[in-house]
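Visitor: Please arrange chains B and C on chain A, whose structure you already have, making use of the hints.
Taken in order, these protein sequences are the chains called A, B and C.
The first sequence begins at 1 in the working numbering and counts up by one.
The second sequence begins at 232 in the working numbering and counts up by one.
The third sequence begins at 485 in the working numbering and counts up by one.
None of these hints come from the bench; they were simulated from the model.
Owing to the predicted nature of the structure, the values given are computational and were not obtained by experimental measurement.
The C-beta atom is built at its ideal place from N, Cα and C for all residues, glycine as well.
Incorrect hints may have been included.
[Unchecked claim] Derived list of chain C stretches under chain B, where covered just means 3 residues or more per stretch with a C-beta under 8 Å from a C-beta of chain B:
hint, segment
1, 486-496
2, 499-510
3, 514-527
Chain by chain, the residues run as shown.
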Amino acid sequence: MSTQLSLGRVARAVAAKDLRIELRSRVIINQVFPFAGLVMVMFAFALDNDDVLTRVAGGLVWLATLFSLIIIIQRSFVVDTADGALEAQRVAGLDPAGIFVGKALAVMVQLVTLEIMLFVAAVVLYRVQLHADGVVLLVTCIVSATAGLSFVGTLYGGLTAGSRGRETLLPLLMLPVVAPVLIGATRATESAFNSGGAAVSDGWPWVGVLVVFAAAFGLGGILSFGSLIEE
Amino acid sequence: MNEQTFNARVATPTTRLIGAMAIVSMAWVVIGGLIVTPKDVDQGDAVRIMYVHVPTAWVAYLAFIVTALASACWLLSRKHSMGFDRVAGASAEVGVVFMAMTLLSGSLWGRITWGSYWAWDPRLTTTAFLLVTYIGYLAVRGLGGSLEQRARRSAVIALLAVLEIPLVHFSVLMWRSLHQKASVLSGDGDIKMDGSMLTTLLVGVIGFTCTFAWLVLHRQRVLAMQDAMQMTQLDAALRERASESADRVEGLK
Amino acid sequence: MDHLGFIAVVYGVTFTVIVALVVRTLSQGRNLASKVADKDKPWT
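In isolation and in its complexed conformation, chain A is listed as follows (with noise of 0.2 Å):
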């Protein structure tokens, strides 16, 4: 027991490995990027029009992101279970804890570069534009939605991984639970775009319920993921 690594020290060395086998292998950049671009432009196909697009252009950024999502979370422990790796992480006694945090970790740097392309592509496929005092908001926006949403992933994700035809279960548990963080960030991104004249300060009360998602889904996580991964 006393061998034990800290939380932290867990959670980097988790996290970093994630990382080095996305750059290693490109996945999420080859595959992953490109299918969120294209949900975007499909958008454009199915709704048809400019001033519609334009205005709930936070709505369809958020939800390419939501789509994304599942496919990264299942990504992030395709990689784990492939070889038994995340038994034999359990196993060699690391923190569950640690593994959690470091896997949310992994998932929200990737996350939070693809919601920066998709936001570019927002710009100009959907013609948003950001005003000066609309920035902080966004920013503020993405992480802490991004948060919840890597903490609420890596936890589902833990439980769906494996076999057995239980990943397809992934979105049914996922989605609902991350409905908040949807409407949350929605609304605040349509303040920071000044969308259907929002302003930009009633962006803020929802980037408050963002935080508390975020903070109730990571204690959460790192009390329970233990449990849910066990075999």
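Guide: Leaving out everything else, chains B and C in the frame of chain A:
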């Protein structure tokens, strides 16, 4: 293997009593709701749906609470008594059915009263959300594995659900308040109820609760027997393997 | 009665579903009870 048959009785005095109370109350609700009670001053005959809708909504939420409490008890009890897990599972199964019926009756009531089958008001939206959460919980229970794994996973999921419900409800509340709809959608809240109406409603709540209790008690007995069968089959399989390998060892000597 | 159709559907579906649940649970119970030893039944 001997195919012994055992006593096929599943009832106990408790469930018989609860069952009888349920049947009597249900009959009262039907007669009261459809015949005895008058039309409402504002809603007309639409209020009759409330005699069914309010009790099923109550049961659906009660079931959720029972699942959460039973899950917490399982997690906290030192010997992880499986009875708690079975009650949690049975309650969720009954709850999901009542939640679906609540949404149906509420939707039809809405069609009559406001002209549309759905509205994105906080209570309806949270109810729909709860339905999906139940379904997810039941899917997790079906993932397989040992009984303890099933209990542990579903207990955690149930408690995470308890964590999210207020988050969801609060965000939806904030969201819908942006649209500043005049909330006519308080449903049952504003009706002036005449004596027979109130009685029918109360009897309905009691009766449906008895039905809920009966269903959960019987369903968790079914689960107990299913679990026992699973253990028996597991034991038999293990014993077969053990005797197989013992034979092989014998053969090597 | 106004809206008789809607009211009939609500009452009809609700009580039919409940009865179906009751019947199914009882028959599952009796079926299993004949196969499972009494010592494994927590209520006996």
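Visitor: Looking at the structure, which of the earlier hints fail to hold?
Guide: none
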